[in-house]
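Asks: Sequence:
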Amino acid sequence: ALVADGVREVTFLGQNVNAYGRDLRGSQKSDTTRTFAGLLRMADAVGGLDRIRFLTSHPKDLGDEMIAAMAQAPAVCEHLHLPVQSGSNAVLERMRRGYSAQMYLRLLDKVRAALPDVAITTDLIVGFPGETEADFVATLELVERARFDAAFTFVYSPRHGTDAATMPDQISEDIKHERVRRLIARTQAIGRERRGRFVGRRLEVLVEGASRDGDGLRGRTRHNVTVNFGGRAAPGQLVEVAITAATSTTLRGTV
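According to our numbering, the stretch in the sequence shown is residues 1 to 255, in order.
Hints were generated in silico from the structure; no laboratory data involved.
Please note that the accuracy of each hint is not assured.
What the hints assert, rightly or not - What follows is a list of derived Cβ distance ranges for each label pair:
(1) A1 <-> M167: 46 to 56 Å
(2) F154 <-> A90: 10 to 20 Å
(3) I184 <-> R34: 15 to 25 Å
(4) R232 <-> T11: 23 to 33 Å
On a predicted model such as this, the values are computed, not experimentally measured, just so you know.
Each residue gets a CB set at the ideal place from its N, CA and C atoms; glycine is no exception.
Just need the whole structure built from these sequences, with the hints factored in.
Replies: Okay, here's the thing in structure tokens:
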């Protein structure tokens with residue numbers, strides 16, 4: 001029905017989309033149709049649907065079946081949002097994330113081997129209770145190794161009723177904000193470098209509307225990068241845009 005109404009792109013949204021189907025399979029653990037990878041493949045088979053997106057994935061649940069579905073289903077966009085939160089194993093353990101920094105980086109290597117042009121974005125938190133300067137440096141080192149296309153950075157703030165709110169060694173606001181400034185500077189520089197690989201290429205863009213400055217149009221690539229461009233096109237139309245420049249957050253081009 002959505003495709004018949006002109007929908008070109010759908011997004012599957014969940015706190016952890018990889019958990020989809022666990023309550024449906026019951027004892028049928030081998031039923032791959034009731035997994036998120038199976039859902040992606042079924043959606044990909046819908047005629048006329050051009051793009052499929054999803055978020056968010058949890059690193060501990062992103063397996064080979066999911067990576068294969070991303071690589072083999074043509075409509076699934078070349079973008080993966082995979083929150084890491086910290087590059088420190090000590091901090092990750094206190095967060096109860098269920099993986100180490102080394103496991104996360106190996107997972108990125110596996111994803112990029114299957115999808116060489118994939119854009120990977122992440123979430124990062126600074127100032128979690130007990131985070132030392134060495135822990136924070138470990139996060140910077142992971143960022144250097146991971147080469148994220150974009151990162152959403154957050155300062156930890158205590159939430160009433162959570163274990164973390166009563167943990168010892170709470171970090172001062174001054175230190176939190178000093179660290180997040182350093183982190184943002186590095187993630188933005190890497191993001192600009194990563195987007196630079198698109199300059200000189202022609203990318204498929206789904207038109208969303210007028211650009212913010214009103215001088216052109218705005219849309220998104222399959223990599224989930226915003227493109228501001230000149231030319232004529234209608235919202236909802238897929239167009240090829242010649243990419244001419246990259247900023248820390250967007251691309252620029254022309255039809």
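Asks: Enumerate the violated hints, using their earlier numbering and listing them in ascending order.
Replies: Checked against the structure, the only hint that fails is number 3, while the rest are satisfied.
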